[in-house]
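Chemist: Single-letter residue listing:
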Amino acid sequence: MKLIHRLMPSNGLRQLPKSVSVHAVLLAYTIIALFPILVVVINSFKDRRAIFRDPLGLPTHDSFTLVGFQQVLLRSDFGLYSWNSLVVTILAVGLVLLLGAMAAWALTEYKFKGNLLITFLFAMGIMIPIRLGTVSILSLMVDLHLVNTLTALVLVYIAQGLPLAVYILSEFVRTIPKELTEAARCDSVSEYKIFFCIILPLLKPAMATVAVFTMIPIWNDLWFPLILAPGESTRTITLGVQQFVGQYVTDWNSVLSALTMAIVPVLILYTIFSRQLIRGLTSGAVK
Amino acid sequence: MASVKLNNIKKRFGNVDVLHGIDLDIKDGEFVVLIGESGCGKSTLLRLLSGLEDISEGDLYIDDERVNGRSPAKRGIAMVFQSYALYPHMNVFKNMAFGLKISGKDKSHVNEKVIEAAKKLKIDHLLDRLPRELSGGQRQRVAIGRAIVRDPKVFLFDEPLSNLDASLRVQTRVELGKLHQELKATIIYVTHDQVEAMTLGDKIVVMNKGRVEQVGAPLDLYHHPKTQFVAAFIGSPKMNFLQGKVQQADSENSQVVLESGRVIRASIDTSSLNEGDTVQLGLRPEHIALNCSENTFEGTVTLIEHLGELSYLYVDVGQEGELVLKVNGDNQHQAGDRIQFGIKPNYLYLFDHEGKALTRINAHQSPSIPL
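Here the protein sequences come in this chain order: A and B.
Here my numbering is used: position 225 in the first sequence is 208, and no number is missing along the way.
Here my numbering is used: position 99 in the second sequence is 1561, and no number is missing along the way.
The reader is advised that the hints may include incorrect statements.
[Unchecked claim] So, partial list: chain B residues that the calculated Cβ filter (under 7 Å) puts toward chain A:
#1 P1534
#2 A1535
#3 A1547
#4 V1636
[Said to hold, decoys possible] Computed beta-carbon distance windows for the label pairs:
#5 A:P200 x B:L1630: 27 to 37 Å
#6 A:R157 x B:S1518: 23 to 33 Å
#7 B:H1571 x A:V125: 56 to 66 Å
#8 A:F103 x B:A1679: 51 to 61 Å
#9 A:R157 x B:D1516: 47 to 57 Å
#10 B:G1501 x A:F103: 45 to 55 Å
#11 B:R1594 x A:E174: 22 to 32 Å
#12 A:K176 x B:G1501: 26 to 36 Å
#13 A:V3 x B:G1501: 47 to 57 Å
#14 B:S1518 x A:V70: 45 to 55 Å
#15 B:K1671 x A:E174: 28 to 38 Å
#16 B:R1594 x A:R36: 58 to 68 Å
[Stated by the list, open to error] Okay, derived cross-link-like pairs now, DSSO-like style, lysine-lysine, Cα gap no bigger than 27 Å in a straight line:
#17 B:K1646 x B:K1665
#18 B:K1563 x B:K1584
#19 B:K1536 x A:K161
#20 B:K1707 x A:K176
#21 A:K96 x B:K1472
#22 B:K1646 x B:K1581
#23 B:K1688 x B:K1806
#24 B:K1536 x A:K187
#25 B:K1567 x A:K176
#26 B:K1818 x B:K1707
#27 B:K1671 x A:K176
#28 B:K1806 x B:K1467
#29 A:K94 x B:K1536
#30 A:K187 x B:K1665
#31 B:K1563 x A:K161
#32 B:K1671 x B:K1472
#33 A:K161 x B:K1615
#34 B:K1671 x A:K161
#35 B:K1489 x B:K1688
#36 B:K1615 x A:K176
#37 A:K161 x B:K1818
#38 B:K1806 x B:K1707
#39 B:K1563 x A:K176
#40 B:K1688 x B:K1700
None of these hints come from the bench; they were simulated from the model.
Note that beta-carbon positions come from the ideal geometry of N, C-alpha and C, so glycine has one too.
Please model the complete structure; the sequences and the hints are all you need to start from.
Modeler: The following block contains the structure:
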């Protein structure tokens, strides 16, 4: 009983059934979502026979091995692949955030011809998957001599992430009180400074949300690296892992170890952004 | 500091006319209050003055310079918003210094200015707090401070006190009055609160449906409202209105007959009207006296509101409806009492069927609470 009161001090016992069912659903979802990751991590520390004998078992004294990690770190350019992934992800997310915030601000704050059309195009961008245009994107990149460069990937990912970013950020820009920008205009602040000194800091929580949304698909993407940048020097981590997946033999130790290590950077990035998710920044601006 | 001149200012939103040609002269150092019901265009007018909204037609001069189309900054105005509009991510000092810093003033000058303004407003101990850590009154001061540091030609206030609680509002009102005397600044102030308007304004502009109804000094509006709208707007509780017909049109001693047949004598010039014309008789609650034997009424008290030093009596006088009386606080009447009261002919107001006021003769100048 004490435990229940500690967990739900304000709700009390009457809310107990509801609370239990909500938590059960959330718990079930968490287990389903985490299960594959857990299997990957556990098995990356086991030898090959143990992986197939007992895929769900924890590594024991006998089956524990770091051979997969050794393979990955010694036999492949794991450092380079991670670096490529990191560069592409950070550049793309950074530019999506900056351009997305600017577009969201412009589209909600200023009245100009074509405003509605541009908003509409962004909305279309959310609905139409960018992969439908793969062929034309490839031929475009060939014409621009951008094949096998990270630039190609960054450009495509910006296009992929921008529509949703603009959509979400527009909603947040609308919640910023108009008086703030008007006060700044009376303070003779230029439109650029208004954006960078007032709007951008207030958009931080929203931008963290967008960053998380944008970052994960880019980090995990296999499609565009495979098509646009399959060269040895531009491989991203998801593509790099594929070299252990053979047509006849798959080096499961290495695949699982590489995947385990690939989780780490994205976890770090997520932790950084999720700190910013804290709301309540605008409280106190206007009553 | 500067003078402001409005010449036939009009504003349209699409096809809707919001302001129908406003003319106004504001002298250097004057405290002008724009007052009116919500939606009358007073806030829109302020935004036109600030430059946040474009003027559709007409000319706006600040210090004899036409400033139509200029940005807010170039007009030399500073605005204090109803919602304070403090930058939430900056502390008080940065909030006040932001505008100065942006305009490229050197650091020591900015510091000096901000600290001087903060001392004036007694917020110098709050400089490193964030807006969310301040009370409503303190935020209001910071907003005013942010305006002061820029040494603007004209201050614009958009209902600055309406978010404060009652006691703080009175206190801040007094401080604003003192601040105006100290700064000798030209201030244009929008409010819907007639007490704020009466106490603060050198000049009050009463607005109604996008037009200026009357401009004048506070007591001028109180004693000589030009229209029924102004008469109803200025004074609390509201002026009582009774419908009647002119029985005797005269340049001095007019007579009005009410619906019940009661004849009222009023020292008002009705020579422009004909006998039988419909008129509205205006009686201020503070001018109706219990011991007055002229123009007497009789009625039943339906409600008493005690405010301490005085009380409001709501009296049902039969066919004419209900009248409000302002009486002394120690008055012993109770609901249900029959009472008799009257009003002197030179205390009355009279409005023709268009709501225009007729000239009062020997109008009593000082409002008094009759005993």
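Chemist: Now, for every hint given, state plainly whether the structure supports it.
Modeler: Status of the hints after comparison with the structure:
Taken as an interface hint, P1534 (chain B) checks out: its beta carbon lies about 4 Å from the nearest beta carbon of chain A, inside 7 Å. The beta carbon of A1535 (chain B) comes within 3 Å of a beta carbon in chain A, closer than 7 Å, and the hint placing it at the interface holds. For A1547 (chain B), the interface hint holds, the least distance from its beta-carbon to any beta-carbon of chain A being 4 Å, beneath 7 Å. Interface hint status for V1636 (chain B): violated, as the beta-carbon distance to the closest one in chain A is roughly 21 Å, over 7 Å.
In this structure the hint that P200 (chain A) and L1630 (chain B) lie 27 to 37 Å apart at CB is violated, the actual value being about 52 Å. In this structure the hint that R157 (chain A) and S1518 (chain B) lie 23 to 33 Å apart at CB holds, the actual value being about 26 Å. The beta-carbon spacing between H1571 (chain B) and V125 (chain A), approximately 58 Å, falls within the hinted interval of 56 to 66 Å. At roughly 56 Å, the beta carbons of F103 (chain A) and A1679 (chain B) sit within the given window of 51 to 61 Å.
The hinted range of 47 to 57 Å is not satisfied by R157 (chain A) and D1516 (chain B), whose Cβ atoms lie roughly 22 Å apart. Distance hint check for G1501 (chain B) and F103 (chain A): the Cβ-Cβ separation is about 34 Å, which falls outside the suggested range of 45 to 55 Å. A hinted range of 22 to 32 Å for the beta carbons of R1594 (chain B) and E174 (chain A) is consistent with their spacing of about 26 Å. As the Cβ distance of K176 (chain A) to G1501 (chain B) is approximately 34 Å, the hint placing it in 26 to 36 Å holds.
A hinted range of 47 to 57 Å for the beta carbons of V3 (chain A) and G1501 (chain B) is consistent with their spacing of about 52 Å. The hinted range of 45 to 55 Å is satisfied by S1518 (chain B) and V70 (chain A), whose Cβ atoms lie roughly 53 Å apart. Taking 28 to 38 Å as the suggested C-beta distance range, the pair K1671 (chain B) and E174 (chain A) conforms, at roughly 35 Å. Roughly 59 Å separates the CB atoms of R1594 (chain B) and R36 (chain A), a value that falls within the hinted 58 to 68 Å.
Between K1646 (chain B) and K1665 (chain B) the CA atoms are separated by roughly 15 Å; this keeps the pair inside 27 Å, and the hint holds. Proposed proximity of K1563 (chain B) and K1584 (chain B) is supported: the alpha carbons are some 22 Å apart, at most 27 Å. Distance hint between K1536 (chain B) and K161 (chain A) is fulfilled; the C-alpha atoms sit about 20 Å from each other, no more than 27 Å. A C-alpha spacing of about 65 Å is found between K1707 (chain B) and K176 (chain A), which places the hinted pair above 27 Å, so the restraint is violated.
Using a Cα cut-off of 27 Å, the hinted pair K96 (chain A) and K1472 (chain B) holds, with the two alpha carbons roughly 25 Å apart. Under the criterion of a C-alpha separation no larger than 27 Å, the hint pairing K1646 (chain B) with K1581 (chain B) is consistent with the structure, at around 18 Å. At most 27 Å may separate the alpha-carbon atoms for a hinted pair to count; K1688 (chain B) and K1806 (chain B) meet this at roughly 21 Å. Restraint check: the Cα-Cα separation between K1536 (chain B) and K187 (chain A) comes to about 31 Å, which exceeds 27 Å; the hinted pair is violated.
At most 27 Å may separate the alpha-carbon atoms for a hinted pair to count; K1567 (chain B) and K176 (chain A) meet this at roughly 16 Å. Our distance criterion of 27 Å between C-alpha atoms is met by K1818 (chain B) and K1707 (chain B), whose separation comes to about 15 Å. A threshold of 27 Å between alpha carbons decides the hint, and for K1671 (chain B) with K176 (chain A) the separation of about 38 Å lies outside it, so the pair is violated. Proximity of K1806 (chain B) to K1467 (chain B) is assessed by CA-CA distance (about 41 Å); at most 27 Å being required, the pair is judged violated.
Among the hinted pairs, K94 (chain A) with K1536 (chain B) is consistent with the structure: their alpha-carbon atoms are about 22 Å apart, no more than 27 Å. Restraint check: the Cα-Cα separation between K187 (chain A) and K1665 (chain B) comes to about 46 Å, which exceeds 27 Å; the hinted pair is violated. Of the pairs offered as hints, the one joining K1563 (chain B) and K161 (chain A) holds, with about 22 Å between alpha carbons and a cut-off of 27 Å not exceeded. For the given pair, K1671 (chain B) sits about 13 Å from K1472 (chain B) by alpha-carbon distance, which is consistent with the 27 Å threshold.
Under the criterion of a C-alpha separation no larger than 27 Å, the hint pairing K161 (chain A) with K1615 (chain B) is consistent with the structure, at around 24 Å. With a C-alpha separation of about 25 Å, the suggested pair K1671 (chain B) and K161 (chain A) falls inside the 27 Å cut-off, and the hint holds. Distance check on the hinted pair: K1489 (chain B) and K1688 (chain B) sit about 22 Å apart at the alpha-carbon level, within 27 Å; holds. Pair hint K1615 (chain B) plus K176 (chain A) holds up; C-alpha atoms about 24 Å apart against a cutoff of 27 Å.
Restraint check for K161 (chain A) and K1818 (chain B): the C-alpha separation of about 40 Å exceeds 27 Å, so the hint is violated. Of the pairs offered as hints, the one joining K1806 (chain B) and K1707 (chain B) holds, with about 19 Å between alpha carbons and a cut-off of 27 Å not exceeded. Under the criterion of a C-alpha separation no larger than 27 Å, the hint pairing K1563 (chain B) with K176 (chain A) is consistent with the structure, at around 12 Å. This hinted pair checks out: K1688 (chain B) and K1700 (chain B) have alpha carbons roughly 16 Å apart, not beyond 27 Å.
Checked against the numbered hints listed earlier, the structure breaks hints 4, 5, 9, 10, 20, 24, 27, 28, 30 and 37; every other hint is satisfied.
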